[in-house]
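These protein sequences, in sequence, are chains A and B. Those letters in the first sequence? Residues 1 to 138, by the working numbering. Those letters in the second sequence? Residues 139 to 218, by the working numbering.
Among these hints, one or two may not hold up.
[To be verified] Covered, in the sense of this in silico footprint (three residues per stretch, anywhere, with C-beta under 8 Å from a C-beta of chain B), are these stretches of chain A:
no.	segment
1	52–62
2	80–94
3	115–126
4	130–136
[Unchecked claim] Residues of chain B placed beyond 10 Å of chain A at every Cβ, according to the derived structure:
no.	residue
5	MET139
6	ASP151
7	GLY155
8	ASP159
9	ALA166
10	ASN174
11	SER186
12	ALA197
13	SER216
In short, the hints are calculated from the structure, not lab data. Predicted, not measured: the structure shown is a model, and the values here were computed from it. Glycine is no exception: its CB is placed at the ideal position from the N, C-alpha and C atoms.
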Amino acid sequence: MIDILLTGEPLNINDCIQKVLAPEAGGIDVFIGTVRNATKGKQVLRLEFEAYEPMALSEMRKIADKAFGIWPLHHIVLHHRTGILAVGEVPVVIAVSAAHRAAAFDACRYIIDTLKETVPIWKKEVFEDGEVWVAAHP
Amino acid sequence: MTVKVLAFGIVRDIFGGSSIDVPLEPAATSATLKANLELRFPKLAKLSSYMVAVNNEYAHEPVELHPNDEIAIIPPVSGG
Numbered sequence: 001m002i003d004i005l006l007t008g009e010p011l012n013i014n015d016c017i018q019k020v021l022a023p024e025a026g027g028i029d030v031f032i033g034t035v036r037n038a039t040k041g042k043q044v045l046r047l048e049f050e051a052y053e054p055m056a057l058s059e060m061r062k063i064a065d066k067a068f069g070i071w072p073l074h075h076i077v078l079h080h081r082t083g084i085l086a087v088g089e090v091p092v093v094i095a096v097s098a099a100h101r102a103a104a105f106d107a108c109r110y111i112i113d114t115l116k117e118t119v120p121i122w123k124k125e126v127f128e129d130g131e132v133w134v135a136a137h138p
Numbered sequence: 139m140t141v142k143v144l145a146f147g148i149v150r151d152i153f154g155g156s157s158i159d160v161p162l163e164p165a166a167t168s169a170t171l172k173a174n175l176e177l178r179f180p181k182l183a184k185l186s187s188y189m190v191a192v193n194n195e196y197a198h199e200p201v202e203l204h205p206n207d208e209i210a211i212i213p214p215v216s217g218g
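So here's chain B without its partners, still in its complex pose (with noise of 0.2 Å):
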C-alpha cells in the first residue's frame, strides 16, 4: 500500500515538499513508516524528537496505518 504523509516545519524542508507518498507492507504501523523515513531522511532522526500523527492523533504507541489515513510527522512544537 502507498500512504500519503503530510510534513510541516522542518520537516518540510527535510522532505522538500508539504507532502510524500511513502510506499509500505500491508498492516505497517507508525513505527514502521518512522524507520522507513528515517532510511530514506536520515536528517529525521537528528531532529529533537519527533512524532507521527495519525487522523489528527499523536500516535504515541505504533498504530496500524491504512491507505485512506491522514498522516503527518510532527517535528517538535514552538506554538506559543
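Just chain A, with the same shape it has in the complex (with noise of 0.2 Å):
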C-alpha cells in the first residue's frame, strides 16, 4: 500500500505509523522531518513550503513506486505539509514497514533523500531580517 498527502494541515505521526502496521511487518522505520530553529548559525522564525501540487504528488508517487520496486516493503506512507510552519513543526512524515529492517531502514532514507532532489515543492526560510528561498542561489 502506498499513502501519499501532501496537505496544509498538521501531519499526524501516529496516524502514519497505524497506517503501515501489517501483521507481515517485522518492523517500521519512521522519519520525520523537523523544521530547525537556526541555518548557518542565523535564528530562524519560520519555513513558508509551497508546492506544485499535481506534479509533486506525482513525483511523490514515482518515489514510492520505485523504493517498492527495489526492497521487499508492505507500505509506504509519504505525507508533506505546506503553507506556514514554525520552529518544531513537521513538513515531512514518511513511514515503512518492511518484514526485515535492513529494508525498511535503506527505504526510508532513500525516500527522503530522493524526495529531496525531485519533488517540485520548496521552503522559505524566515529570519528576523529577511528571507530566503533555500537552494536557489549556489
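Two chains, each in its own frame: build the complex with the hints.
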C-alpha cells in the first residue's frame, strides 16, 4: 500500500505509523522532518512551504513505486505539509514497513533523500532581517 | 503560438507573478523557452539550476511544446 498526501493541515505522526502496521511486517522505520531553529547560526523564525501540487504528488508516487521495486516492503506512507510552519513543526513524515529492518531503513532513507532532489516543493526560510528561498542560489 | 508558463518559489518572485504568457515560434522546444526566458529575466540564469516541466514531467531533454501543454519552471527544490 502506498499512501501519499500533500496538505496544509498538521501531519498526524501516529496516523502515519498506524497506516503501515502489518501482521507480516517485522519492523517500521519512520522519518520525521522538523523545522530547525537556525541555519548557519542565524535564527529562523518560520518556514514557508509551497508545492506544485499535481507534479509533487506524481513525483512522490514515483519515489514510492521505485522503492517498492527495489526493496521487499509492505507499506509506504509519505506525507508532506505546505504553508507556514513554526520551529518544531513537522513538514514531512515517511513511514515504511517491511518484513526485515534493513529494507525498511534503506527504503526510508532513499525516500527522503530522493524527495529532496526531485519533488517540486520549495521552502522559504524567514529570518528577523529577511527571507531566503532555500537552495535557489549557488 | 503563446504558451502559459507557471512559476513557483523564487521563480514566482523573478516573474513577478504565478504565471506568464510567452510568445514562441511554432514547434518551439523547452530549450527555446529557457533561452527566451533568460533573455527576458536574466536572474533566471543566476539560479543554481532550474528545470522545465511539461505536463507534470521534467524535460530532461528538450521536448516540443504545444499551446495547451501545462508548462512550469522548477527552481531548485527544497522539500523535506
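Hints, one by one, checked against the model:
1. 52–62: Since three or more residues must qualify, the claim that chain B covers the segment 52–62 of chain A holds, with 5 doing so at under 8 Å.
2. 80–94: holds (count 3)
3. 115–126: holds (count 10)
4. 130–136: holds (count 4)
5. MET139: holds, 22 Å
6. ASP151: violated, 8 Å
7. GLY155: Holds, since 14 Å exceeds 10 Å.
8. ASP159: holds, 18 Å
9. ALA166: With a cut-off of 10 Å, ALA166/B remains clear of chain A, as the shortest Cβ separation is near 21 Å.
10. ASN174: Nearest chain A Cβ is 21 Å from ASN174/B, so the label holds.
11. SER186: violated, 5 Å
12. ALA197: holds, 12 Å
13. SER216: violated, 4 Å
Figure legend: structure checked against the earlier numbered hints; hints not met, in rising order: 6, 11 and 13.
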